[in-house]
Amino acid sequence: MAIEKDLKTILGKLKYSDDAKVVAQITDQMKQVQARMAGIKHKLVVMSGKGGVGKSMTTVNLALALARQHARVGLLDVDLNGPCVPRMLGLHGRSLTMTPEGALPPVGPLGVKVASMDFFLGAASPVRWKGPMDVSPVWLGLMEMNVIREFLADVMWGELDYLLADLPPGAAADKPPVIAGFIPDLAGAIVVTTPSEVASDVVQKSVTYARDMGIKVLGIVENMSEYRCPSCGELNELFEGNTDAMCEALDLPLLGRIPFDRKLARTFDKGEPLLDETYPTIQRYQDIAGRIRTLLDYKRVLAEKL
Amino acid sequence: MKFVCLNCETYMNFEKVEKPGEGSLGVFFGCPSCGAKFSMVTNPGETQMVSSLGVQLGGRTTEAQPFEMTRGTLKEEAQAGSGQMAAYLNEKIQGGQPVAASTPGKAGEKSGGGCPFSAMVAEMGLTSSGSLPTAARASPSSHGALMHRRSLTGSLPL
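Those sequence lines, one after another, are chains G and S.
What the first sequence shows, in numbering that gives the first Met the number 0, is residues 0 to 305, in sequence order.
What the second sequence shows, in numbering that gives the first Met the number 0, is residues 0 to 157, in sequence order.
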């Protein structure tokens, strides 16, 4: 009778070789992401544990605000299944220009470069994959992560001061903080919430999870703080939560409050965003963008001194 | 993934990849010492899992194109509708016999969830009562990659 072989002992004597070249290809993929991201000074993600709090509206307006402050800005719409950034910026129907070197992103208002899954889809088409695993949740997770990897590796952003990534909703391992972990040298995350207690609860979880992943959270933006009447401009409360208390509990700065502004929202719905920097709600975004810049500069100065 | 020749106590070398059938990969390994050959055969689902990593077994032979995987895997409008697995599950839910896994879904057909390997199991001949035909029952795992010695040729279901 043959003696039972001990695999652990056998493996201990063997040297691994990557003869199928799988490890080498994955290493190359990671290197390509690093190389593409190298020309971007500050990479930021905009996230929230809660859906419907206005992440995309915040991301788009922060990108425009930074562009108004003479920064070179890119905007990556990472919400693969609900991409809306192109429509908001009047870029729906456009596409990435494929070249052998990479994909050139369309340029939106104020020179903001945009990449989105929307550029691969028809007018009302959802994302649908082909193949025998097309509805398998296990495979979909793997596929989506690799699609995001292609967005990071293949889009030719060129030199940028800021790249803002609009992450999909989700609090924990079901993506956003994991996606953020893909981005090399991530400067930090901006978390969007509403003053609703329900949103605050979920947002706190996502902040905790992001921190567990080693992602620095720069601060909180409170969206839909109030309602701005389109007729008289008066501001009224929408919710009765306490974002200040949440910020204190999480030891995070409140970067600013944005009112629900129907007039502004409608311009983005139509793909003709209001760009007037004297408009009160846009001024609030400008202020938040200024605070983000200050935080990032402070971080840089601190890093240089240490 | 590596294979070890237990007789020679060494890693087997990756040799080549072939496509023995639609959606299937045959990955060949050989022992550098005794020359034993093995082929690992994947079912369509496993093949798709591998391709979703954006890697090619044995290394790339052509330069990668931007968004190669995204563009290659997105279903075009003309192909829209549910896939093989959803078609199978719909058929099962409706009480019919298993359909061939390659049967395309009808446009607008509702997609289902469930076991990611259902379609492959169907393709292997699993009946609605859950019994397996003899050949499939003899395989090590109807959900796993099917491995066989190259010398033991014979048509294993993929």
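I should point out that these hints are in silico values taken from the structure, not numbers from a laboratory.
Be aware that one or more of the hints could be misleading.
[Said to hold, decoys possible] Some chain G residues judged to face chain S by a derived CB distance under 8 Å, without partners named: (1) L13; (2) I25; (3) M29; (4) K30; (5) G50; (6) G101; (7) A102; (8) G130; (9) L141; (10) N145; (11) R227; (12) D275; (13) Y278.
[To be verified] List of simulated lysine to aspartate or glutamate pairs, DMTMM-like, C-alpha gap at most 25 Å: (14) G:K20 with S:E8; (15) S:K36 with G:D5; (16) S:K1 with G:D243; (17) G:K129 with S:E75; (18) G:K4 with S:E8; (19) G:K215 with G:D243; (20) G:K20 with S:E62; (21) G:K129 with S:E67; (22) S:K36 with G:D17; (23) G:K14 with S:E14; (24) S:K36 with G:D243; (25) S:K1 with G:D286; (26) G:K40 with G:D243.
Values in this document were obtained by computation on a predicted structure and should not be read as measured data.
Heads up, the beta-carbon is just placed ideally off N, CA and C, and yes, glycines get one too.
Taking the hints in turn, this is what the structure says about them:
1. L13: holds, 6 Å
2. I25: holds, 6 Å
3. M29: With Cβ-Cβ at 11 Å, over 8 Å, it is violated.
4. K30: violated, 12 Å
5. G50: With Cβ-Cβ at 20 Å, over 8 Å, it is violated.
6. G101: holds, 5 Å
7. A102: holds, 4 Å
8. G130: Interface hint status for G:G130: holds (5 Å vs cutoff 8 Å).
9. L141: This interface hint holds because 5 Å falls under the 8 Å limit.
10. N145: Cβ of G:N145 sits 5 Å from chain S, so the hint holds.
11. R227: violated, 39 Å
12. D275: For G:D275, the interface hint is violated, since the closest Cβ of chain S sits about 36 Å away, which is over 8 Å.
13. Y278: At 37 Å from the nearest chain S Cβ, G:Y278 fails the 8 Å test, so the hint is violated.
14. G:K20 with S:E8: It holds: about 22 Å lies between the C-alpha atoms, which stays within 25 Å.
15. S:K36 with G:D5: holds, 22 Å
16. S:K1 with G:D243: violated, 54 Å
17. G:K129 with S:E75: Measuring from Cα to Cα gives roughly 8 Å; hence the hint holds.
18. G:K4 with S:E8: holds, 9 Å
19. G:K215 with G:D243: With a Cα-Cα distance of about 19 Å, the restraint between G:K215 and G:D243 holds, given a limit of 25 Å.
20. G:K20 with S:E62: Distance ~15 Å between G:K20 and S:E62 Cα, so the pair holds.
21. G:K129 with S:E67: holds, 14 Å
22. S:K36 with G:D17: Satisfied, since the Cα-Cα distance of roughly 18 Å is no more than 25 Å.
23. G:K14 with S:E14: holds, 18 Å
24. S:K36 with G:D243: violated, 67 Å
25. S:K1 with G:D286: At roughly 56 Å apart (the allowed maximum being 25 Å), G:D286 and S:K1 break the hint.
26. G:K40 with G:D243: Violated, because 30 Å separates the two Cα atoms, which is more than 25 Å.
Comparing the model with each numbered hint stated earlier shows that hints 3, 4, 5, 11, 12, 13, 16, 24, 25, 26 do not hold.
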